[in-house]
Amino acid sequence: MGLIFAQLLTGLANAATLFLVASGLSLIFGVTRIVNFAHGSFYMLGAFIGYSLMQVLPGMFGFWSSVLLAGLAVGVIGVIVEMLVLRPVYKAPELFQLVATFGVILVIQDLALLTWGPDDVLGPRAPGLKGIVRIMGEPVPKYDLALIAITPFVLFILWYLISKTRIGILVRAATQDREMVGALGVNQAWLFTGVFFLGATLAGLGGAIQLPKGGADLLMDFNILAAIFVVVVIGGMGSLPGAYVAAVLISVLNVFGVTYIPQSTLVLMFVVMAIVLLIKPYGLFGREEVAGEHGQVGEPERPIKPAGTRGRVIVGGLLVILAMVPFFGSNFAQVLITDIIIFALFAASLHFILGLGGLVSFGHAAFFGSGAYVAALLVSHAESPMEIAFLLAPLGAGGAAIIIGWLCMRLTGVYFAMLTLAFAQLIWSLVYQWGEFTGGDDGLVDIWPAAWLNGTTPYYYFTLLFGIGGILLLRHVAHTPFGYALRASRDSVRQAEATGINTKRIQWAAFAFAGAVAGLSGALFVFSKGSVFPTELELAKSFDALIVIFLGGVKTLAGGVVGGASLEFAKDFITRFEYWRLLLGLLIIFVVILAPEGIVGASRKLGERFGFVDDGEGRR
Amino acid sequence: MSDVLEVKNLSKSFGGIQAVKDVSFSVKKGELLAMIGPNGAGKSTCFNMLMGQLKPTKGEVYFEGQNLIGRPTREIWRMGIGRTFQITGTYTSMTVVENVQMALISHHRRTMSILPYAHKMYKPKAMELLELVGMQDQAERHCAILAYGDLKRLELAIALCHDPSLLLMDEPTAGMAPTERIKLMQLTADIVKNKNISVLFTEHDMDVVFAHSHRIMVLNRGELMANGSADEIRNDPRVQEVYLGGGSLFEEAEIQA
Numbered sequence: 001m002g003l004i005f006a007q008l009l010t011g012l013a014n015a016a017t018l019f020l021v022a023s024g025l026s027l028i029f030g031v032t033r034i035v036n037f038a039h040g041s042f043y044m045l046g047a048f049i050g051y052s053l054m055q056v057l058p059g060m061f062g063f064w065s066s067v068l069l070a071g072l073a074v075g076v077i078g079v080i081v082e083m084l085v086l087r088p089v090y091k092a093p094e095l096f097q098l099v100a101t102f103g104v105i106l107v108i109q110d111l112a113l114l115t116w117g118p119d120d121v122l123g124p125r126a127p128g129l130k131g132i133v134r135i136m137g138e139p140v141p142k143y144d145l146a147l148i149a150i151t152p153f154v155l156f157i158l159w160y161l162i163s164k165t166r167i168g169i170l171v172r173a174a175t176q177d178r179e180m181v182g183a184l185g186v187n188q189a190w191l192f193t194g195v196f197f198l199g200a201t202l203a204g205l206g207g208a209i210q211l212p213k214g215g216a217d218l219l220m221d222f223n224i225l226a227a228i229f230v231v232v233v234i235g236g237m238g239s240l241p242g243a244y245v246a247a248v249l250i251s252v253l254n255v256f257g258v259t260y261i262p263q264s265t266l267v268l269m270f271v272v273m274a275i276v277l278l279i280k281p282y283g284l285f286g287r288e289e290v291a292g293e294h295g296q297v298g299e300p301e302r303p304i305k306p307a308g309t310r311g312r313v314i315v316g317g318l319l320v321i322l323a324m325v326p327f328f329g330s331n332f333a334q335v336l337i338t339d340i341i342i343f344a345l346f347a348a349s350l351h352f353i354l355g356l357g358g359l360v361s362f363g364h365a366a367f368f369g370s371g372a373y374v375a376a377l378l379v380s381h382a383e384s385p386m387e388i389a390f391l392l393a394p395l396g397a398g399g400a401a402i403i404i405g406w407l408c409m410r411l412t413g414v415y416f417a418m419l420t421l422a423f424a425q426l427i428w429s430l431v432y433q434w435g436e437f438t439g440g441d442d443g444l445v446d447i448w449p450a451a452w453l454n455g456t457t458p459y460y461y462f463t464l465l466f467g468i469g470g471i472l473l474l475r476h477v478a479h480t481p482f483g484y485a486l487r488a489s490r491d492s493v494r495q496a497e498a499t500g501i502n503t504k505r506i507q508w509a510a511f512a513f514a515g516a517v518a519g520l521s522g523a524l525f526v527f528s529k530g531s532v533f534p535t536e537l538e539l540a541k542s543f544d545a546l547i548v549i550f551l552g553g554v555k556t557l558a559g560g561v562v563g564g565a566s567l568e569f570a571k572d573f574i575t576r577f578e579y580w581r582l583l584l585g586l587l588i589i590f591v592v593i594l595a596p597e598g599i600v601g602a603s604r605k606l607g608e609r610f611g612f613v614d615d616g617e618g619r620r
Numbered sequence: 621m622s623d624v625l626e627v628k629n630l631s632k633s634f635g636g637i638q639a640v641k642d643v644s645f646s647v648k649k650g651e652l653l654a655m656i657g658p659n660g661a662g663k664s665t666c667f668n669m670l671m672g673q674l675k676p677t678k679g680e681v682y683f684e685g686q687n688l689i690g691r692p693t694r695e696i697w698r699m700g701i702g703r704t705f706q707i708t709g710t711y712t713s714m715t716v717v718e719n720v721q722m723a724l725i726s727h728h729r730r731t732m733s734i735l736p737y738a739h740k741m742y743k744p745k746a747m748e749l750l751e752l753v754g755m756q757d758q759a760e761r762h763c764a765i766l767a768y769g770d771l772k773r774l775e776l777a778i779a780l781c782h783d784p785s786l787l788l789m790d791e792p793t794a795g796m797a798p799t800e801r802i803k804l805m806q807l808t809a810d811i812v813k814n815k816n817i818s819v820l821f822t823e824h825d826m827d828v829v830f831a832h833s834h835r836i837m838v839l840n841r842g843e844l845m846a847n848g849s850a851d852e853i854r855n856d857p858r859v860q861e862v863y864l865g866g867g868s869l870f871e872e873a874e875i876q877a
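One line per chain: the protein sequences are A and B, in this order.
Using my numbering, you'd call the opening residue of the first sequence number 1 and step up by one each time.
Using my numbering, you'd call the opening residue of the second sequence number 621 and step up by one each time.
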């Protein structure tokens with residue numbers, strides 16, 4: 001009994017940080033409708049800045065003022081980010097803002113590395129709260145009790161600020177109807193900046209206050225990201241009490257999970273989230289949302305046509321050049337091109353549902369990884385021949401996509417994206433923690449192709465055949481009735497349904513199809529590397545694909561392929577620099593602000609201006 | 621004349637508010653039937669229930685003898701009812717003719733097909749429909765850059781794709797210039813006559829209503845308060861007093877014309 005109570009207290013103490021960071025994220029989303037992926041970075045900055053301040057300021061007073069000052073400093077950083085990066089893209093579709101905040105993550109990561117170095121730092125213990133107290137015979141750190149006491153206090157202050165003050169009323173009004181608040185003469189830009197300040201401050205406080213428990217390291221930004229998203233989604237986007245309840249729920253469950261079912265700790269949180277969303281699609285305290293815009297704001301997409309003679313000749317010529325590479329190119333060139341084609345196919349499969357279907361999936365890596373793991377597991381456990389494993393991989397990934405798609409299709413917009421993320425994380429944690437079957441962190445190795453494909457050059461041709469074949473298949477389907485019905489369902493659900501199109505079924509089928517193609521790219525991947533690790537299923541992998549599509553251009557048919565090929569190529573070059581994240585992050589931010597149509601869109605515009613291509617109105 | 625659509629005791633309440641109360645009427649073959657009423661009278665609610673977008677609290681709707689209640693919108697469309705919306709909802713990423721082709725593809729149940737090129741399918745039929753509404757010259761234009769009146773005509777072409785026997789038009793001329801309104805309604809009236817289609821439409825423009833409808837229903841606070849020919853409605857004292865506030869609206873509308 002005593003142990004259970006003590007664990008409950010630990011859970012409540014852990015909830016403090018989670019609540020602080022998540023409530024900030026929730027506030028920012030509620031008002032600005034921006035899914036701030038850089039929120040974990042604010043949290044990390046809070047920890048590092050707090051640590052540095054605590055080295056200077058002594059004693060109990062020094063400790064707590066360091067926490068406060070760290071929060072405020074991060075708040076100011078948040079304001080800088082908001083004004084420089086986000087203000088230019090408020091009117092842009094969700095995906096653009098998301099990618100912009102992703103650029104911020106990369107920049108902050110390298111800046112933190114520059115400032116604080118690569119080593120983890122141990123947080124100082126809070127002066128005056130160093131010991132433990134015994135509660136029902138169990139040791140409980142004093143600092144935990146302090147955290148438990150502080151959290152409801154913070155919740156109360158926030159609640160008072162939001163529901164009783166004039167600023168709070170404006171914030172709530174803006175949460176419900178931004179345009180109306182603007183029409184009533186409130187300067188929205190400053191309201192947004194203010195909310196960003198508050199949200200970032202909360203994240204900074206969360207980072208600083210957990211120092212005595214967790215210290216600071218360069219991975220903490222990504223480590224907390226998934227958890228705070230889960231909290232915000234379970235609690236309901238924009239709801240403070242929801243964030244508190246969900247933070248407590250997740251933290252307490254986690255503590256008990258670690259004790260009683262240690263293999264499940266990572267999965268647990270996502271299982272809870274999936275269950276909550278399936279029962280209450282908008283979270284425990286959330287209200288129904290009108291679906292987000294999914295890249296449909298701004299200039300509508302151009303009509304598409306299959307490639308004309310000129311296009312076919314260019315693609316054909318490119319294929320001939322690629323086929324000749326083994327005759328004049330180095331081994332390295334073949335490996336690089338193999339990697340590029342595999343990644344381009346993966347990106348193109350996500351582009352199919354995202355660009356044509358308007359379905360923003362945050363978890364597409366789940367299907368890439370499923371394909372890779374299905375093939376690897378078949379080879380290592382069932383000793384199946386490579387050919388059969390290769391065929392079954394896309395089917396396995398497609399099957400996973402059918403199930404996950406069915407569950408996610410009930411939601412739209414950000415909630416759909418979050419649910420795909422949850423399921424992707426679920427699969428990732430399953431693979432990661434089910435060590436005896438999947439190899440866990442050590443991955444599965446020795447997965448080589450059949451004898452007739454062994455060697456760089458044969459496998460290069462194999463990848464060329466299936467990779468380019470997959471890309472051309474996706475492109476062909478885009479021009480068929482199915483691809484058109486998918487675009488119709490994105491352009492106007494109402495019109496599509498009113499003319500007999502079962503939009504949900506079309507989207508579901510597209511989701512499964514894209515999953516199967518991602519599985520194909522995963523299978524190509526695993527046999528080219530000879531191994532697979534859980535990193536192929538990670539959040540970062542899904543984000544890579546999202547960024548790539550964005551760089552290539554969401555509203556263009558070739559966006560996925562061009563972006564995928566460019567990034568994979570650029571990565572090979574850029575990762576040779578020590579601070580490549582900084583470079584890539586800045587590059588992403590610049591593209592967001594300067595060329596929101598992506599590489600393909602921007603070059604088409606240039607082409608139109610100089611008369612190389614038709615502008616769709618018969619003018620040149 | 622036989623009844624195409626039969627509506628019996630249709631009712632809908634939202635919480636405590638009764639938006640539509642016991643509305644019963646029928647649409648005859650080849651008839652242009654107008655449903656008018658002030659804002660909030662329950663016109664759109666009625667339409668949404670007929671088309672399966674809202675579930676009625678009570679009542680029955682029969683289309684050519686088959687019950688419509690409980691069926692999804694797309695199924696009702698397949699049975700042969702076309703609909704146009706107050707605010708157009710065309711596919712902005714496609715060309716004009718592709719918008720029509722999309723509906724034709726759906727009508728022929730080919731939406732899951734992944735072999736043929738969609739932009740080559742049913743093109744002659746799509747062009748025929750565009751010609752019917754006078755849009756053939758704009759067939760290859762990008763839908764996103766069309767003028768509003770052209771979008772309305774395109775929507776009409778789409779609604780005619782599956783040769784419906786009944787058209788439901790929610791404020792077909794809303795947001796259009798007066799001359800365009802007359803033209804569009806004249807076009808609709810001609811098509812209805814040639815193809816022997818029945819039309820049920822709501823409309824705020826009294827010119828359009830009195831010039832084109834064969835029969836007029838007046839809805840007020842969710843109840844059907846009058847149902848008759850243009851003359852009967854014009855001279856119905858209850859309509860004049862309760863709904864039109866002494867009939868001034870008529871004169872205004874007539875002055876505008």
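What the hints contain is simulated information worked out from the structure, not anything from laboratory work.
A couple of the hints might just be wrong.
Stated by the list, open to error - In silico DSSO-like links for lysine-lysine, alpha-carbon gap of 27 Å or less: (1) Lys-648(B) <-> Lys-813(B); (2) Lys-649(B) <-> Lys-305(A); (3) Lys-813(B) <-> Lys-803(B); (4) Lys-745(B) <-> Lys-675(B); (5) Lys-305(A) <-> Lys-213(A); (6) Lys-571(A) <-> Lys-605(A); (7) Lys-813(B) <-> Lys-504(A); (8) Lys-649(B) <-> Lys-675(B); (9) Lys-649(B) <-> Lys-745(B); (10) Lys-740(B) <-> Lys-305(A); (11) Lys-745(B) <-> Lys-815(B); (12) Lys-743(B) <-> Lys-648(B); (13) Lys-280(A) <-> Lys-675(B); (14) Lys-675(B) <-> Lys-628(B); (15) Lys-678(B) <-> Lys-803(B); (16) Lys-504(A) <-> Lys-675(B); (17) Lys-305(A) <-> Lys-745(B).
Stated by the list, open to error - If you anchor each label on the Cβ, the simulated ranges turn out as follows: (18) Glu-680(B) <-> Glu-387(A): 23 to 33 Å; (19) Arg-609(A) <-> His-728(B): 37 to 47 Å; (20) Ile-80(A) <-> His-824(B): 48 to 58 Å; (21) His-824(B) <-> Ala-595(A): 27 to 37 Å; (22) Lys-504(A) <-> Gly-635(B): 54 to 64 Å; (23) Met-699(B) <-> Arg-312(A): 40 to 50 Å; (24) Phe-573(A) <-> Tyr-737(B): 46 to 56 Å; (25) Tyr-260(A) <-> Tyr-737(B): 17 to 27 Å.
The C-beta atom is built at its ideal place from N, Cα and C for all residues, glycine as well.
Verify the proposed pairing of Lys-280(A) with Lys-675(B), using a straight-line Cα cut of 27 Å. The hint holds at about 22 Å.
With 40 to 50 Å as the target window, see if Met-699(B) and Arg-312(A) comply at their CB atoms. Check passed, 43 Å falls within 40 to 50 Å.
Given the hint that Lys-740(B) pairs with Lys-305(A), test it: the Cα-Cα distance must not exceed 27 Å. Holds. Lys-740(B) to Lys-305(A) sits at ~10 Å (cutoff 27 Å).
Holds or violated: Lys-305(A) and Lys-213(A), Cα atoms, limit 27 Å. Judged against 27 Å, a Cα distance of about 58 Å means the pair is violated.
Given hint Lys-504(A) paired with Lys-813(B) - CA-CA distance at most 27 Å: The hint is violated at about 37 Å.
Between Lys-504(A) and Lys-675(B), does the CA-CA distance stay at or below 27 Å? Given pair Lys-504(A), Lys-675(B) holds - Cα atoms ~19 Å apart, limit 27 Å.
Just to be sure I understand the hint, the distance between the Cβ atoms of His-824(B) and Ala-595(A) should be within 27 to 37 Å; is that true here? violated, 45 Å
Restraint status (C-alpha distance of Lys-649(B) to Lys-675(B) at most 27 Å): OK: Lys-649(B) and Lys-675(B) at ~26 Å, within 27 Å.
Is the Cα-Cα distance between Lys-745(B) and Lys-675(B) 27 Å or less? violated, 34 Å
Do Arg-609(A) and His-728(B) keep their Cβ atoms within the hinted range of 37 to 47 Å? For His-728(B) against Arg-609(A), whose Cβ atoms are near 41 Å apart, the range 37 to 47 Å holds.
Decide if the proposed pair is consistent with the structure: Lys-571(A) and Lys-605(A), CA atoms, cutoff 27 Å inclusive. holds, 26 Å
Can you tell me whether the CB distance of Phe-573(A) to Tyr-737(B) sits inside 46 to 56 Å? Since the Cβ atoms of Phe-573(A) and Tyr-737(B) sit about 39 Å apart, the hinted range of 46 to 56 Å is violated.
Hint compliance for this structure: hints 2, 4, 5, 7, 12, 15, 18, 21, 22, 24, 25 are broken, all remaining hints hold.
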